[in-house]
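Work out the full structure: start from the sequences and follow the hints.
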Amino acid sequence: MTKDNSLIKLESIKKVFYTDEVETHALSGIHLDIRKGEYVSIAGPSGCGKSTLLSILGLLDSPTEGSYTLNGQPVANLDHSQRARIRNREVGFIFQSFNLIGDLTVFENVELPLTYRGMNSADRKQRVTEALERVGMAHRMKHYPSQLSGGQQQRVAVARALGGKPAILLADEPTGNLDSKNGEAVMELLRELHREGATICMVTHDPRFARHAERNVHLFDGRIVEESVEGDER
Amino acid sequence: MNDLKFAFRQLVKNPGFTAVAVLTLGLGIGANTALFSLINAMLMRPLPGVVEPEGLVRLTHGSFSYAKFEALKAQQVFAQTVAFDLDRLPAEVNGALQSSRVMLVSGDYFHALGVNARLGRTITPQDDQAQALVAVLSHSFWTHAFAADPGVIGRSFRVSGLAVTTQRSAHWLQLMGRLAPGQTLEQANARLQVVWPQVLAAAAPPDTPAASDFFRQTTDLQPAGNGFSNLRGEFASPLFVLMCLVGLVLLVACANVANLLLARGAARQREFAVRLASGASRRRLMRQLLTESVLLSVIAAFAGVLFSAWSTRVLVGFISSETGPVVLDLRPDWRVLVFSIGVIFITALMFGLAPALRATRIDLASSLKERSRTFGGREGRLRKALLVSQVAMAMVLAVGAGLFMNSFRHLLQVNTGFDSTNVLLVRADAISAGHRGPRAAQFFTELLDRVNSLPGVQSAAMSWAPPVSRGFGNNGNISVEGHSPAPGEDRIVWSNFVSPGYFGTIGQTLLAGRDFTTGDRQGAPGVAIINQSMARYFFGDESPVGRKFDPGGGNNYQCEIIGVVRDATHFSLKESPQRVFYLPYAQGADFFQGENMILVLRSAATTSSTVKQVREVVAQIDRDVLVETETLKAHVDGSLAREHLLAMLSGFLGMLSLLLVAIGLYGVMAYSVTRRTGEIGLRMALGAQPVTVLAMVLREGFMLVVTGTVIGAVAACAFSHVISTLLFGITARDSVSFGGAVVALTLAAVIATILPARRAAKVEPMEALRYE
Numbered sequence: 001m002t003k004d005n006s007l008i009k010l011e012s013i014k015k016v017f018y019t020d021e022v023e024t025h026a027l028s029g030i031h032l033d034i035r036k037g038e039y040v041s042i043a044g045p046s047g048c049g050k051s052t053l054l055s056i057l058g059l060l061d062s063p064t065e066g067s068y069t070l071n072g073q074p075v076a077n078l079d080h081s082q083r084a085r086i087r088n089r090e091v092g093f094i095f096q097s098f099n100l101i102g103d104l105t106v107f108e109n110v111e112l113p114l115t116y117r118g119m120n121s122a123d124r125k126q127r128v129t130e131a132l133e134r135v136g137m138a139h140r141m142k143h144y145p146s147q148l149s150g151g152q153q154q155r156v157a158v159a160r161a162l163g164g165k166p167a168i169l170l171a172d173e174p175t176g177n178l179d180s181k182n183g184e185a186v187m188e189l190l191r192e193l194h195r196e197g198a199t200i201c202m203v204t205h206d207p208r209f210a211r212h213a214e215r216n217v218h219l220f221d222g223r224i225v226e227e228s229v230e231g232d233e234r
Numbered sequence: 001m002n003d004l005k006f007a008f009r010q011l012v013k014n015p016g017f018t019a020v021a022v023l024t025l026g027l028g029i030g031a032n033t034a035l036f037s038l039i040n041a042m043l044m045r046p047l048p049g050v051v052e053p054e055g056l057v058r059l060t061h062g063s064f065s066y067a068k069f070e071a072l073k074a075q076q077v078f079a080q081t082v083a084f085d086l087d088r089l090p091a092e093v094n095g096a097l098q099s100s101r102v103m104l105v106s107g108d109y110f111h112a113l114g115v116n117a118r119l120g121r122t123i124t125p126q127d128d129q130a131q132a133l134v135a136v137l138s139h140s141f142w143t144h145a146f147a148a149d150p151g152v153i154g155r156s157f158r159v160s161g162l163a164v165t166t167q168r169s170a171h172w173l174q175l176m177g178r179l180a181p182g183q184t185l186e187q188a189n190a191r192l193q194v195v196w197p198q199v200l201a202a203a204a205p206p207d208t209p210a211a212s213d214f215f216r217q218t219t220d221l222q223p224a225g226n227g228f229s230n231l232r233g234e235f236a237s238p239l240f241v242l243m244c245l246v247g248l249v250l251l252v253a254c255a256n257v258a259n260l261l262l263a264r265g266a267a268r269q270r271e272f273a274v275r276l277a278s279g280a281s282r283r284r285l286m287r288q289l290l291t292e293s294v295l296l297s298v299i300a301a302f303a304g305v306l307f308s309a310w311s312t313r314v315l316v317g318f319i320s321s322e323t324g325p326v327v328l329d330l331r332p333d334w335r336v337l338v339f340s341i342g343v344i345f346i347t348a349l350m351f352g353l354a355p356a357l358r359a360t361r362i363d364l365a366s367s368l369k370e371r372s373r374t375f376g377g378r379e380g381r382l383r384k385a386l387l388v389s390q391v392a393m394a395m396v397l398a399v400g401a402g403l404f405m406n407s408f409r410h411l412l413q414v415n416t417g418f419d420s421t422n423v424l425l426v427r428a429d430a431i432s433a434g435h436r437g438p439r440a441a442q443f444f445t446e447l448l449d450r451v452n453s454l455p456g457v458q459s460a461a462m463s464w465a466p467p468v469s470r471g472f473g474n475n476g477n478i479s480v481e482g483h484s485p486a487p488g489e490d491r492i493v494w495s496n497f498v499s500p501g502y503f504g505t506i507g508q509t510l511l512a513g514r515d516f517t518t519g520d521r522q523g524a525p526g527v528a529i530i531n532q533s534m535a536r537y538f539f540g541d542e543s544p545v546g547r548k549f550d551p552g553g554g555n556n557y558q559c560e561i562i563g564v565v566r567d568a569t570h571f572s573l574k575e576s577p578q579r580v581f582y583l584p585y586a587q588g589a590d591f592f593q594g595e596n597m598i599l600v601l602r603s604a605a606t607t608s609s610t611v612k613q614v615r616e617v618v619a620q621i622d623r624d625v626l627v628e629t630e631t632l633k634a635h636v637d638g639s640l641a642r643e644h645l646l647a648m649l650s651g652f653l654g655m656l657s658l659l660l661v662a663i664g665l666y667g668v669m670a671y672s673v674t675r676r677t678g679e680i681g682l683r684m685a686l687g688a689q690p691v692t693v694l695a696m697v698l699r700e701g702f703m704l705v706v707t708g709t710v711i712g713a714v715a716a717c718a719f720s721h722v723i724s725t726l727l728f729g730i731t732a733r734d735s736v737s738f739g740g741a742v743v744a745l746t747l748a749a750v751i752a753t754i755l756p757a758r759r760a761a762k763v764e765p766m767e768a769l770r771y772e
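Protein chains in written order, with my numbering: chain S, 1 to 234; chain Z, 1 to 772.
Heads up, some of the hints might be wrong.
Unchecked claim - DSSO-like cross-link-like pairs, simulated, lysine-lysine; straight-line CA separation at most 30 Å:
id	chain 1	residue 1	chain 2	residue 2
1	S	K125	S	K165
2	Z	K384	Z	K762
3	S	K165	S	K9
4	S	K125	S	K36
5	S	K14	Z	K633
6	S	K142	S	K181
7	S	K165	Z	K762
8	Z	K574	Z	K612
9	S	K142	Z	K384
10	S	K9	S	K36
11	Z	K762	S	K9
12	Z	K612	Z	K633
To be verified - Take a look, some chain S residues computed to stay more than 10 Å from chain Z by CB distance:
id	residue
13	Q73
14	R134
15	E192
Read the hints as simulated data drawn from the structure, not as lab findings. Keep in mind it's a predicted model, so treat the numbers as computed, not measured. Idealized CB from N, CA, C, for every residue including glycine.
Structure representation (structure tokens):
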């Protein structure tokens with residue numbers, strides 16, 4: 001791993017939640033490097049801190065301690081506005097529950113992050129069309145989410161994440177609300193994206209899907225307890 | 001019973017919701033009840049104590065002479081034909097004279113009404129022929145003046161001026177009839193039209209030319225079961241307009257509560273799902289929810305009754321004036337009761353039905369699951385539709401308020417042509433005290449002299465009609481020397497009798513010629529002062545001073561014009577300038593047979609001591625003469641009671657509707673932001689800046705307001721067209737009123753939306769994942 005190739009670097013990241021005299025240590029000294037083009041899965045039992053780690057990676061939350069460098073820029077202590085800008089340009093989210101907006105069409109859902117970027121209409125249209133074609137949903141661009149199956153909705157969510165050409169795709173249990181067939185299809189899509197050069201970090205508790213990644217990081221009680229490279233297992 | 005118990009428990013469990021809903025609905029229901037009570041008392045309540053009041057009819061188009069009454073009676077159009085006149089006379093109360101209402105009635109008046117005496121007897125037709133004067137006391141006068149003494153029968157008491165007022169020819173009468181059994185108003189009216197020419201012929205004064213206006217008089221029949229009231233004509237249309245406006249306010253309030261119930265329904269979705277899953281039918285659930293709505297409406301109605309009792313008195317205060325208190329029987333009757341019960345149930349249905357239907361339309365399978373995979377959807381559309389309708393109604397109310405207030409402002413700015421500051425009007429009832437002809441002239445001359453010498457009085461004068469006479473006055477066709485009228489030309493000019501110094505006292509500018517002097521008396525050459533409008537009409541650009549005219553419309557040009565005064569408001573502030581000539585009161589001695597003069601005085605400051613001094617002067621001349629005083633400013637303001645009522649009440653209703661809309665908009669936007677926390681968090685996660693989210697929420701709020709405003713503006717155009725006859729100085733499309741309403745709604749929208757928008761902008765993106 002060369003320093004130039006590093007996309008994400010977490011050092012001694014801690015996250016503590018304080019609620020009514022109770023102190024919950026969600027993350028306790030996480031060190032993690034993710035290189036450009038890498039496909040990393042984060043696995044672990046429920047409550048181990050997977051989603052908290054993903055939130056910090058996606059700048060949705062701030063660590064209590066530690067440093068976080070994204071694409072060479074320290075991001076742990078940025079203000080709301082700067083974090084929003086980086087989320088918009090550098091990060092693409094794929095959620096377990098798709099999180100599409102019901103009042104917007106497929107096209108508008110995918111277009112949404114690009115509008116926040118201030119991109120002009122023609123460029124947005126081109127990007128959205130490309131992203132939807134990439135996930136095989138271009139023919140449904142005028143539909144509303146409620147008119148789509150769960151698998152199709154997740155494809156649209158992937159297209160929304162791709163549309164901004166982010167540095168990294170963060171996927172939080174992307175198959176959690178899908179049946180096995182649709183789950184497999186989405187995983188195949190992520191794998192294809194990885195093959196084309198996308199950097200992906202995926203949280204999953206399903207070992208079958210974790211194996212799709214190059215590198216598996218295992219969390220337990222807020223600590224990385226094991227790291228394995230998929231090639232090693234083979 | 002269980003439904004009621006559970007409904008009560010629900011309302012107690014949510015005191016905030018209950019308080020807002022009760023307050024909102026209470027104001028709406030109370031305002032409606034108050035106005036309906038007033039309309040009921042003024043326009044609908046039948047005469048109390050009268051047998052079959054629906055059988056009473058009245059003759060329209062003014063008042064009638066005694067001769068006409070007798071001629072009509074002889075034609076036997078009705079089962080009974082009666083005449084009466086209402087006057088104010090000084091009557092003896094506890095040993096002193098007090099201004100009292102006195103009705104002079106024909107002999108079969110009580111028989112026609114079906115009213116019997118509680119003590120003694122009523123007046124009969126035999127009394128018409130008798131020389132002795134008899135009186136029947138109303139219950140309130142009997143209680144007030146005789147302490148309800150049963151021994152009052154056969155006693156005499158003093159009513160000053162009766163000797164004058166009992167002359168039949170001195171009265172203009174109201175005529176009323178009781179329909180014969182089986183006779184309809186239409187049949188009676190048809191018969192009346194047939195016999196009316198004969199009535200006129202029989203009642204015409206001797207030598208009345210056949211072509212004169214006398215024989216062109218017409219009349220008609222109207223139901224009289226509700227009695228006679230000048231207020232009815234003046235306030236009927238404003239009250240109906242206000243009834244429409246308070247109805248709109250109630251609708252706005254209903255929309256508000258419906259929105260609150262929709263939000264509550266969404267929060268209670270799982271409760272309803274569990275009830276349905278436990279075997280409750282949808283109808284059963286609807287019954288439960290509608291019971292809650294009716295209970296809420298009943299509680300609000302109780303609050304509304306208190307508001308109504310207070311506001312009705314305020315409304316009557318608006319209609320009353322210092323010298324003309326309005327007495328209305330505002331006790332609730334069956335109409336008010338039916339109206340109130342109807343309002344309670346209709347209100348409950350209006351605000352409760354849609355939320356109940358929506359709340360019970362549940363997909364059990366999905367409602368019992370926690371997870372939702374998409375944000376947004378259609379559930380907020382009904383709330384938004386309600387809000388748009390609220391804004392539209394508030395726009396109509398705000399435009400209405402703007403139009404009436406702007407119209408009132410124009411009326412206040414009318415150049416009256418006189419200066420009402422520090423001018424006092426004194427009405428001394430010398431005629432009722434028995435002063436007639438030369439005695440009356442002597443009384444008023446002495447009064448004028450004494451008042452003129454009072455300290456602090458700058459000038460004093462007399463006038464037959466006050467400025468802004470509100471319908472009181474005299475007019476007729478005149479002939480001007482050298483002016484050849486075109487056939488059918490309108491030569492009608494109004495006239496007034498004034499004393500020297502009148503114009504200077506009220507501040508009406510003399511533009512040319514001279515004022516009256518004491519030399520302009522009986523026996524001296526006839527003189528007149530005319531106003532600008534009359535001068536312009538008859539003389540164009542030429543000077544009218546020195547020209548002559550005949551006030552009676554003949555060829556006896558004995559009245560010389562000696563001056564021209566500036567136009568001054570004659571009847572009402574709404575009128576266009578009238579043509580008026582003024583005659584010196586000293587040249588109209590015959591005039592004092594039955595009319596009083598009004599004393600007008602200007603002082604450095606109109607204080608209670610000035611009023612006291614004037615009263616003392618009148619008492620020194622004759623203690624039996626009753627005095628009423630009023631500042632000229634109060635008199636002018638009193639002429640605007642109707643417009644004042646409309647402006648104040650519509651302004652209040654406009655403000656109330658804006659407040660309700662602001663509460664409604666806040667509720668919808670706050671609920672929307674709460675419901676969309678996940679979506680907003682997602683947008684933030686995808687890179688939306690806080691300011692972008694702020695703008696998004698503000699934009700959504702404004703879109704609702706803009707939509708409602710556009711719809712409301714269209715409705716307001718129609719409404720303003722309907723009320724255009726009540727406006728003054730502005731058109732029904734007055735841009736200030738429409739623009740003001742838009743600005744007011746926009747301000748309300750900003751205030752109501754900014755808080756939810758700021759809250760939305762502070763949503764942490766992590767919320768998106770929490771909603772996972």
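Status of each hint after checking the structure:
no.	hint	verdict
1	K125(S) / K165(S)	holds, 14 Å
2	K384(Z) / K762(Z)	holds, 23 Å
3	K165(S) / K9(S)	holds, 20 Å
4	K125(S) / K36(S)	holds, 27 Å
5	K14(S) / K633(Z)	violated, 80 Å
6	K142(S) / K181(S)	holds, 25 Å
7	K165(S) / K762(Z)	holds, 27 Å
8	K574(Z) / K612(Z)	violated, 33 Å
9	K142(S) / K384(Z)	holds, 24 Å
10	K9(S) / K36(S)	holds, 11 Å
11	K762(Z) / K9(S)	holds, 28 Å
12	K612(Z) / K633(Z)	holds, 19 Å
13	Q73	holds, 16 Å
14	R134	holds, 18 Å
15	E192	holds, 23 Å
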